Amino acid sequence: KQEVTQIPAALSVPEGENLVLNCSFTDSAIYNLQWFRQDPGKGLTSLLLIQSSQREQTSGRLNASLDKSSGRSTLYIAASQPGDSATYLCAASTDSWGKLQFGAGTQVVVTP
Amino acid sequence: GAGVSQSPSNKVTEKGKDVELRCDPISGHTALYWYRQSLGQGLEFLIYFQGNSAPDKSGLPSDRFSAERTGGSVSTLTIQRTQQEDSAVYLCASREDPGTEAFFGQGTRLTVV
Chain A
4 KQEVTQIPAA LSVPEGENLV LNCSFTDSAI YNLQWFRQDP GKGLTSLLLI QSSQREQTSG
64 RLNASLDKSS GRSTLYIAAS QPGDSATYLC AASTDSWGKL QFGAGTQVVV TP
Chain B
2 GAGVSQSPSN KVTEKGKDVE LRCDPISGHT ALYWYRQSLG QGLEFLIYFQ GNSAPDKSGL
62 PSDRFSAERT GGSVSTLTIQ RTQQEDSAVY LCASREDPGT EAFFGQGTRL TVV
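Chains A and B are the protein sequences, given in the same order. According to my numbering, the residues represented by the first sequence are 4 to 115, in order. According to my numbering, the residues represented by the second sequence are 2 to 114, in order.
Any given hint might turn out to be false.
Below, in silico cross-link-like pairs of lysine to any residue (SDA-like), each with a Cα-Cα straight-line distance of 25 Å or less [to be verified]:
1. Lys12/B x Lys71/A
2. Lys45/A x Thr77/B
3. Lys4/A x Lys12/B
4. Lys58/B x Ala89/B
5. Lys58/B x Gly17/B
6. Lys45/A x Ser88/A
7. Lys18/B x Ser67/B
8. Lys45/A x Ser54/B
9. Lys71/A x Arg58/A
10. Lys45/A x Glu45/B
11. Lys18/B x Ser63/B
12. Lys58/B x Ala107/A
13. Lys71/A x Pro99/B
14. Lys18/B x Val114/B
15. Lys4/A x Glu102/B
16. Lys4/A x Gln42/B
Don't read these hints as lab results, they were simulated from the structure. Since the structure is predicted, the reported quantities are computational estimates derived from the model, not experimental observations.
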């Protein structure tokens, strides 16, 4: 069974620093991997989707990499802002039906 | 619609009552999923619909839980004889097809008292 792990569980950085969020998965046979953001009391907002054939995906200040052989994905957020404070979740799609296996998330606080 | 819509946003119910949660996916999205998010359990998969069919119901925790989808659009998740352990946030997601980006609704927070 696919296990998805996110370490650390929580992270605090000063504004302007780059954020590096880690996601690891045990089964490299994934279809794709998606990063989400969740604000308190809200649903999930999609940030980036990386297909299994891709090595990275970029959107604005966000860049996500995928290394299937090592079972890792990393989300980089450049020049962090207080508005980036949220919980970040990664999820691996492990079957052709698109069912997602989620990590527990990394709670990020960006201090002004 | 512009996004995935769920209703109600909050529901408080007495133990033993039945509840219905509604999900309106993005127009044209054939794949629809229900997930549950509870403290200490993280996000767990409940059921997957492709069109009106549910080929994967493996995450439904008991036979008190059921779901249907009609017209390839709206889905309803029904919980019968609710228990306190059913208290959680129920999230719905849709995809254009299973290999594309998943979009989530805002969730329904269910509290069983």
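Holds or violated: lysine 18/B and serine 63/B, Cα atoms, limit 25 Å.
holds, 16 Å
Is the Cα-Cα distance between lysine 58/B and glycine 17/B 25 Å or less?
holds, 23 Å
Run the distance test for lysine 58/B versus alanine 107/A: straight-line Cα separation, threshold 25 Å.
Holds, at about 22 Å.
Measure nothing beyond the straight line between the CA atoms of lysine 71/A and proline 99/B; if it is 25 Å or shorter, mark the hint as holding.
Within the cut-off at roughly 20 Å; holds.
Holds or violated: lysine 45/A and glutamate 45/B, Cα atoms, limit 25 Å.
Between lysine 45/A and glutamate 45/B the Cα gap is close to 16 Å, so the pair holds against 25 Å.
Regarding the pair lysine 4/A and glutamate 102/B, is the alpha-carbon distance no greater than 25 Å?
holds, 22 Å
If you draw a straight line from the CA of lysine 12/B to the CA of lysine 71/A, is it 25 Å or shorter?
Answer violated: lysine 12/B to lysine 71/A is near 41 Å, above 25 Å.
Proposed proximity, serine 67/B with lysine 18/B (alpha carbon, max 25 Å)
OK: lysine 18/B and serine 67/B at ~15 Å, within 25 Å.
25 Å limit on alpha-carbon distance, applied to hinted pair lysine 4/A and lysine 12/B:
Violated, at roughly 33 Å.
Agreement of lysine 45/A and serine 54/B with the hint, judged by alpha carbon distance not exceeding 25 Å:
violated, 28 Å
Between the alpha carbons of lysine 58/B and alanine 89/B, is the straight-line distance 25 Å or under?
holds, 19 Å
Has the given pair, lysine 45/A with threonine 77/B, been kept, meaning a C-alpha gap of at most 25 Å?
holds, 20 Å
Of the numbered hints given earlier, the model fails hints 1, 3, 8; all others are met.
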